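A.B. asks: The chain contents come next:
Protein chains: 4
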Amino acid sequence: MTIVLGDNQYGKSETHVVRVTRRGATHDIKDLTVSVALAGDFAETHLTGNNSKVVPTDTQKNTIFAFAHEPMGEIEDFGIRLARHFVSEFASVYRARVSVEEHAWERVHDHAFVSAGSEKRLATVTCTDDGTWMVAGVAGLVILKSTGSEFHGYIKDRYTTLPETHDRIMATSVTARWRYRDAQADWAGSFAEVRRVLIETFASKHSLSLQQTLYAMGEAVLEARPELAEVRIAMPNKHHFVVDLSPFGIANENEVFYAADRPYGLIEGTITRDDAREAALAW
Amino acid sequence: MTIVLGDNQYGKSETHVVRVTRRGATHDIKDLTVSVALAGDFAETHLTGNNSKVVPTDTQKNTIFAFAHEPMGEIEDFGIRLARHFVSEFASVYRARVSVEEHAWERVHDHAFVSAGSEKRLATVTCTDDGTWMVAGVAGLVILKSTGSEFHGYIKDRYTTLPETHDRIMATSVTARWRYRDAQADWAGSFAEVRRVLIETFASKHSLSLQQTLYAMGEAVLEARPELAEVRIAMPNKHHFVVDLSPFGIANENEVFYAADRPYGLIEGTITRDDAREAALAW
Amino acid sequence: MTIVLGDNQYGKSETHVVRVTRRGATHDIKDLTVSVALAGDFAETHLTGNNSKVVPTDTQKNTIFAFAHEPMGEIEDFGIRLARHFVSEFASVYRARVSVEEHAWERVHDHAFVSAGSEKRLATVTCTDDGTWMVAGVAGLVILKSTGSEFHGYIKDRYTTLPETHDRIMATSVTARWRYRDAQADWAGSFAEVRRVLIETFASKHSLSLQQTLYAMGEAVLEARPELAEVRIAMPNKHHFVVDLSPFGIANENEVFYAADRPYGLIEGTITRDDAREAALAW
Amino acid sequence: MTIVLGDNQYGKSETHVVRVTRRGATHDIKDLTVSVALAGDFAETHLTGNNSKVVPTDTQKNTIFAFAHEPMGEIEDFGIRLARHFVSEFASVYRARVSVEEHAWERVHDHAFVSAGSEKRLATVTCTDDGTWMVAGVAGLVILKSTGSEFHGYIKDRYTTLPETHDRIMATSVTARWRYRDAQADWAGSFAEVRRVLIETFASKHSLSLQQTLYAMGEAVLEARPELAEVRIAMPNKHHFVVDLSPFGIANENEVFYAADRPYGLIEGTITRDDAREAALAW
Numbered sequence: 008m009t010i011v012l013g014d015n016q017y018g019k020s021e022t023h024v025v026r027v028t029r030r031g032a033t034h035d036i037k038d039l040t041v042s043v044a045l046a047g048d049f050a051e052t053h054l055t056g057n058n059s060k061v062v063p064t065d066t067q068k069n070t071i072f073a074f075a076h077e078p079m080g081e082i083e084d085f086g087i088r089l090a091r092h093f094v095s096e097f098a099s100v101y102r103a104r105v106s107v108e109e110h111a112w113e114r115v116h117d118h119a120f121v122s123a124g125s126e127k128r129l130a131t132v133t134c135t136d137d138g139t140w141m142v143a144g145v146a147g148l149v150i151l152k153s154t155g156s157e158f159h160g161y162i163k164d165r166y167t168t169l170p171e172t173h174d175r176i177m178a179t180s181v182t183a184r185w186r187y188r189d190a191q192a193d194w195a196g197s198f199a200e201v202r203r204v205l206i207e208t209f210a211s212k213h214s215l216s217l218q219q220t221l222y223a224m225g226e227a228v229l230e231a232r233p234e235l236a237e238v239r240i241a242m243p244n245k246h247h248f249v250v251d252l253s254p255f256g257i258a259n260e261n262e263v264f265y266a267a268d269r270p271y272g273l274i275e276g277t278i279t280r281d282d283a284r285e286a287a288l289a290w
Numbered sequence: 008m009t010i011v012l013g014d015n016q017y018g019k020s021e022t023h024v025v026r027v028t029r030r031g032a033t034h035d036i037k038d039l040t041v042s043v044a045l046a047g048d049f050a051e052t053h054l055t056g057n058n059s060k061v062v063p064t065d066t067q068k069n070t071i072f073a074f075a076h077e078p079m080g081e082i083e084d085f086g087i088r089l090a091r092h093f094v095s096e097f098a099s100v101y102r103a104r105v106s107v108e109e110h111a112w113e114r115v116h117d118h119a120f121v122s123a124g125s126e127k128r129l130a131t132v133t134c135t136d137d138g139t140w141m142v143a144g145v146a147g148l149v150i151l152k153s154t155g156s157e158f159h160g161y162i163k164d165r166y167t168t169l170p171e172t173h174d175r176i177m178a179t180s181v182t183a184r185w186r187y188r189d190a191q192a193d194w195a196g197s198f199a200e201v202r203r204v205l206i207e208t209f210a211s212k213h214s215l216s217l218q219q220t221l222y223a224m225g226e227a228v229l230e231a232r233p234e235l236a237e238v239r240i241a242m243p244n245k246h247h248f249v250v251d252l253s254p255f256g257i258a259n260e261n262e263v264f265y266a267a268d269r270p271y272g273l274i275e276g277t278i279t280r281d282d283a284r285e286a287a288l289a290w
Numbered sequence: 008m009t010i011v012l013g014d015n016q017y018g019k020s021e022t023h024v025v026r027v028t029r030r031g032a033t034h035d036i037k038d039l040t041v042s043v044a045l046a047g048d049f050a051e052t053h054l055t056g057n058n059s060k061v062v063p064t065d066t067q068k069n070t071i072f073a074f075a076h077e078p079m080g081e082i083e084d085f086g087i088r089l090a091r092h093f094v095s096e097f098a099s100v101y102r103a104r105v106s107v108e109e110h111a112w113e114r115v116h117d118h119a120f121v122s123a124g125s126e127k128r129l130a131t132v133t134c135t136d137d138g139t140w141m142v143a144g145v146a147g148l149v150i151l152k153s154t155g156s157e158f159h160g161y162i163k164d165r166y167t168t169l170p171e172t173h174d175r176i177m178a179t180s181v182t183a184r185w186r187y188r189d190a191q192a193d194w195a196g197s198f199a200e201v202r203r204v205l206i207e208t209f210a211s212k213h214s215l216s217l218q219q220t221l222y223a224m225g226e227a228v229l230e231a232r233p234e235l236a237e238v239r240i241a242m243p244n245k246h247h248f249v250v251d252l253s254p255f256g257i258a259n260e261n262e263v264f265y266a267a268d269r270p271y272g273l274i275e276g277t278i279t280r281d282d283a284r285e286a287a288l289a290w
Numbered sequence: 008m009t010i011v012l013g014d015n016q017y018g019k020s021e022t023h024v025v026r027v028t029r030r031g032a033t034h035d036i037k038d039l040t041v042s043v044a045l046a047g048d049f050a051e052t053h054l055t056g057n058n059s060k061v062v063p064t065d066t067q068k069n070t071i072f073a074f075a076h077e078p079m080g081e082i083e084d085f086g087i088r089l090a091r092h093f094v095s096e097f098a099s100v101y102r103a104r105v106s107v108e109e110h111a112w113e114r115v116h117d118h119a120f121v122s123a124g125s126e127k128r129l130a131t132v133t134c135t136d137d138g139t140w141m142v143a144g145v146a147g148l149v150i151l152k153s154t155g156s157e158f159h160g161y162i163k164d165r166y167t168t169l170p171e172t173h174d175r176i177m178a179t180s181v182t183a184r185w186r187y188r189d190a191q192a193d194w195a196g197s198f199a200e201v202r203r204v205l206i207e208t209f210a211s212k213h214s215l216s217l218q219q220t221l222y223a224m225g226e227a228v229l230e231a232r233p234e235l236a237e238v239r240i241a242m243p244n245k246h247h248f249v250v251d252l253s254p255f256g257i258a259n260e261n262e263v264f265y266a267a268d269r270p271y272g273l274i275e276g277t278i279t280r281d282d283a284r285e286a287a288l289a290w
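Sequences listed follow chains F, W, X and R, in order. Quick note: the first sequence, position 202, residue 209 per the working numbering, numbers continuous. Quick note: the second sequence, position 89, residue 96 per the working numbering, numbers continuous. Quick note: the third sequence, position 238, residue 245 per the working numbering, numbers continuous. Quick note: the fourth sequence, position 46, residue 53 per the working numbering, numbers continuous.
No lab work stands behind these hints: they were computed from the structure. Predicted, not measured: the structure shown is a model, and the values here were computed from it. Fair warning: there could be bad hints in the mix.
For identical chains, the list gives no copy identity; a pair is met inside one copy or between any two copies.
The list that follows gives simulated cross-link-like pairs (lysine to any residue, SDA-like), each with its CA atoms no further than 25 angstroms apart [as the list claims (entries may be wrong)]:
#, residue 1, residue 2
1, 245, 46
2, 245, 265
3, 127, 145
4, 212, 243
5, 163, 59
6, 245, 14
7, 212, 288
8, 37, 51
9, 37, 126
10, 60, 8
11, 163, 98
12, 127, 77
13, 212, 42
14, 60, 138
15, 127, 115
16, 245, 280
17, 245, 21
18, 212, 95
19, 212, 189
20, 212, 175
21, 60, 111
22, 37, 275
23, 127, 110
24, 245, 157
25, 60, 162
26, 245, 111
27, 60, 10
28, 212, 11
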C-alpha cells in the first residue's frame, strides 16, 4: 500500500476587476469577478516543495488585469483568452478552467451607472401618545461614476502616501434616510423623487470629494422636496484602485481597476433646514 | 450607589411577510421585512421577571401578519398603523418603533415577478491542448409566481403532514448553466435569449411540481437554442407558507405569506439532447 | 434529436435541529444542520407533474425531526439511519445522500453551553481635546441553556397564540458593551472578568424572561467591577421551537427543537449606576 | 429657510491588521479590525470640495499600520494611542473615535494558532440498495503559522511581480473530507484524531508551498488512520501581505501584515491509497 497524490488543482479565486471603456463622453463598464484553476504536472510541489513548474496565483491575478486592458468582448471571450493563455504558455499546465461572474450595471448617465444589487426601500415610524415621526429611506443603492471625480489638496503628513488624482472612479452604496416634517405625505411619490434626485445629483455633480457629493445630494433632495426636514446619508467609498500595469509595459489610463472590499472610507453626513422642527424621537 | 435600569426596548425583528393582492388575473405583491421595538413600563420584567405588562414578541409577529391582511398601502402607511396599534392598545407601551424594509419585484407577467436581487451572469471555460469547453449561465435569478402552481398526489407515509395544495406561491432563485456544443457562438445573444426563455417558461407554465417547472424551463431552452447541448438547473424552493390567521377570525385565501429562509427544498436536474457530444471536461 | 432528462435529485436542505439529552441535571446537546438529496425514479414528476413517486421535502424534514428523537449517536450514525430509511422505505428512491453539519458547543455549566462561534472582543475609544471615553465589549458571544428558563404571565390579546412555558431552551448571541469610569484600567483583566460574569449569570440565574436575564447579567457585571459605569446589552432571542412530534406518535418533552433564523426577538437594555458620570461622547 | 450641514464624520473602516511579535521561537499574534471616524471642522469639503482640512482615509489606514509596529498592548491601549494622535495632530479634528475588534486565536504550537471561528464537523452518507459510503470531514478549520513557510523557485514570466520569500505568514481555512473504507468505524475517535493530525502537521511541517503542506497533511492522516481510503483537502491561501512601512522610516521585518479578503489562492488536492476501493458514489 502506498499513499499517492490524486486529482489536484490550484489557482487564484475571485479577482475583482472593473474595466472602463471610453467612447468619448460615453463610458462602458464591465464588472467581473474572475477565478482561475489550473491542473497539470504539479506533483513535485506537493511532494517536495519544488515550485519550478508552478505559476504563482499572484501571476494569474496579474495576467487577469493585463488581459483586461485589451478589448474584452463578452465574458466568454475573455475567459477563453485567459484559459488558452495558461495552457499554451506553460508546459506544466494541462488544463485551465476560468470562471467569470459578471455583475450588471444599468446606465443612468453618460458615465454613471446603478447596480441592480441589493437595494431596499426603508421606512421607520415612531409613535407615542404625543406624536408620530416618519423617517423613510433607501439602502443598498449602489452607484458608480467612471469619471467626473477628483481628490486633491488634502493634508499631507508623514503617513500620507496617497497620490492626488484629477480623475478617478467614484463608487458607493448609498444609505439615505430622510425625515418628514409631518406624518402625512405622498409617500410613494416622495420616495420616487428623492431616489431620482439622489442618483441624478451623484451622476451630474462634478466631485472634488465624496463629502461634497454627499452634501450636494442631500441639498438637492431638500431643495426639491419641501415635505422633508432633514436627510442623513452614509456613503462608503468603494475604492477602485488603478492597477499598475507598467511592469507589463502597459499604460493604464484609468481603464483597469481593482475593486477592493476592505478597508473602505465611510462618509456620513446630515443635511437639514435651519428652521426644521426638532427631530425628537424620530431617529 | 445603586444599580438601576436605564433605557431599554424589545420587540420582534425581521418578520418576513409577503402580501399578494389580486385584481383578477393580475396580482400585486409586497415583500416586506418588518421589525418592531417597544419601550415603556417594562421595569418589572427586568427586575423580577413579572411579565404582566409584556406584549410577547410572538404576538407582535402575529399582529404584523394580521394587519398585512388589510389593504397595506405604502410601507409608511403600514408602519404607522402597526406602531399606533401598539401604543394605543397597551398602556405599558409608551413608544413603538416599526421599521419596514421593502424588497422590490419587477413584473414580468400577470402574476409573475423577478427580483432585481443578486443576479449574475456566469461563464466557465475549460481548455486543454485538445479542446475548449464553454459553460455559461445565470445565478441568483430570483423569480416568483403568485398563482399557477399546485402540489398534490405525492407519497404519504407516517411522517407526512403537508397538506395538498391546488394554489400556492412558487418562488425560487434559479441557477442555470448551459453547455455549448462548440466554443464559438453569439454569446451575448444566446445569454439574453436563454434568460428570457427561462423566465417566460417559469411564468407561463402551469406547475404541478417544481421538478416539472424545472424540466420545462430546460426543455424550452434547448428547443429555442440549437447551439446548446445541455442545461443544468438548480432551484431552491423558497417556501412561502400561508399564515394561519383563523385564530384572529381572518380567512387567509392565499393573501398573506410567511417567507421562510431555512430549510428549503432543493431541486436539481439536467436536461440534455440524446445526441449531445460528451460533456468531457466541461463541468 | 430528442430532449431528455439527465441526472437529477431533490431533497430538503438545511434543516436545523437541536437535540437535548438529559442525564439528570446534566444535559448534552447536539446542534445539527441536515440536508437530504434523493435520486431515483423521478422522471414522471419532471415530465408530467405526476407526483405519485415523490417523497415531499416536507416529509423529509419531518423524518429528520422524528429520527432526532431516538438516541442519535454520532452524526455519521444519524446520517446512516436517515439515508437507509429513505432507500429502504420508498421503492422510487435509488440513492439517498444525507449531509450533516455539526456545530460544536462547549459546556460551561450542567446545562449551559457556549458556542465557539464568531466571538469578538471590542473596544471603542472616543477622544477630544477635553477627554477620553472608553467603551469595551464583546460581540457574538453565543450562549444557550437547555433548561432553567420560563415565560408566562404576559399580556394576552386577540393576536396572542403563544402558549406559556415553564421550561424552554434559551439561546442568544450576546453583544455587551461597558463604559469605563476612567480611560485607564486593567483592560485585559477587566474584559476577562466581565465575560466570565456574563456567562456565569446567564447559566445560573433562573429566568422568567430574557429581560430578567439581561438585567441580571448587567447587574452582576456592575457589582463585580467598580471600574465600570454602565453596561449596554443586546440579546436576540434565538428561538428554539419544540417540534410537534405528536402526529408521529412521539411525545417530545423538550428534546427535539427546531432552531429558527428569523424572525427573532431582540431585547436591549442599559444597566447603570445612579451616580455614574454622564456618558457624554462615549457612545 | 436655509439648508445647512448638520452632524458629520468620516474615516477608514475595517482595516484588517495582523501583528506578530516574536519572543524567540514563540510568537504572539494580534488580529484586529480597526475603524476610525473623525469629526471636526469639515464644512468646507462638504460645501466647496476644498480638502485642505481633510486627513485622507488612506492616511488613516497608513497610520494604523505604522502604529501597529510599536508595542500594541491591549486593544484599548492601541485605540487610545490612535485616537489621541488624530485629535492632537490635526487642528481640524475635534473628535476621533477608534473602534477595534479583536479576533481570538488559540495557540497550538510555538508559532501556530487556530481560530475558534466557524469550524464545523461534517458527515455525508450515501446509500443505495447496494451499499453505504461514508465521507466525514471538517470545514472552517482556520489555522495560521507565523513562520516556517517559504515560497520561491516558481516560474517567472512577463506577468510575474511577486517577490520570492523565505519567511511568510501562512494562513488558511481548511476544508478536509475523508472517505472511510467501510461504513463502520469509531466515528468520534477517528474525527478527533484526523483533526489533531491535520493541525499538528500544518504547524510542524516546514513549508515550501501550500501544496506541500496540503499533501503532508493528507499523507499524515492516511498514515495515522488505516480506516480511511482517501482525503480531499481544499485550502484557500488567506494572504497576509507584509505592509510596506518604509515610507514612514520603519523597517517591517514580518511584524505588521495586512490580511486581504479577496482575491485568494485556492489549493485543492486529493491524497489516496493506491489500493483504495473505488470511490463509487461516495462523493
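A.B. asks: The structure should be examined with respect to each hint, and the outcome stated for every one.
C.D. replies: Now the hints, each set against the structure:
no. : hint         : in the structure
1   : 245 with 46  : between (34 angstroms within a copy, 21 angstroms between copies)
2   : 245 with 265 : both (11 angstroms within a copy, 18 angstroms between copies)
3   : 127 with 145 : both (6 angstroms within a copy, 22 angstroms between copies)
4   : 212 with 243 : within (18 angstroms within a copy, 42 angstroms between copies)
5   : 163 with 59  : between (44 angstroms within a copy, 9 angstroms between copies)
6   : 245 with 14  : between (38 angstroms within a copy, 22 angstroms between copies)
7   : 212 with 288 : neither (33 angstroms within a copy, 34 angstroms between copies)
8   : 37 with 51   : neither (38 angstroms within a copy, 35 angstroms between copies)
9   : 37 with 126  : both (20 angstroms within a copy, 15 angstroms between copies)
10  : 60 with 8    : neither (28 angstroms within a copy, 45 angstroms between copies)
11  : 163 with 98  : between (49 angstroms within a copy, 13 angstroms between copies)
12  : 127 with 77  : between (36 angstroms within a copy, 23 angstroms between copies)
13  : 212 with 42  : neither (36 angstroms within a copy, 29 angstroms between copies)
14  : 60 with 138  : between (72 angstroms within a copy, 22 angstroms between copies)
15  : 127 with 115 : both (18 angstroms within a copy, 20 angstroms between copies)
16  : 245 with 280 : neither (29 angstroms within a copy, 42 angstroms between copies)
17  : 245 with 21  : both (17 angstroms within a copy, 12 angstroms between copies)
18  : 212 with 95  : neither (47 angstroms within a copy, 34 angstroms between copies)
19  : 212 with 189 : neither (30 angstroms within a copy, 46 angstroms between copies)
20  : 212 with 175 : within (14 angstroms within a copy, 46 angstroms between copies)
21  : 60 with 111  : neither (37 angstroms within a copy, 37 angstroms between copies)
22  : 37 with 275  : neither (28 angstroms within a copy, 29 angstroms between copies)
23  : 127 with 110 : both (18 angstroms within a copy, 5 angstroms between copies)
24  : 245 with 157 : within (15 angstroms within a copy, 33 angstroms between copies)
25  : 60 with 162  : between (48 angstroms within a copy, 6 angstroms between copies)
26  : 245 with 111 : both (16 angstroms within a copy, 24 angstroms between copies)
27  : 60 with 10   : within (22 angstroms within a copy, 44 angstroms between copies)
28  : 212 with 11  : between (62 angstroms within a copy, 18 angstroms between copies)
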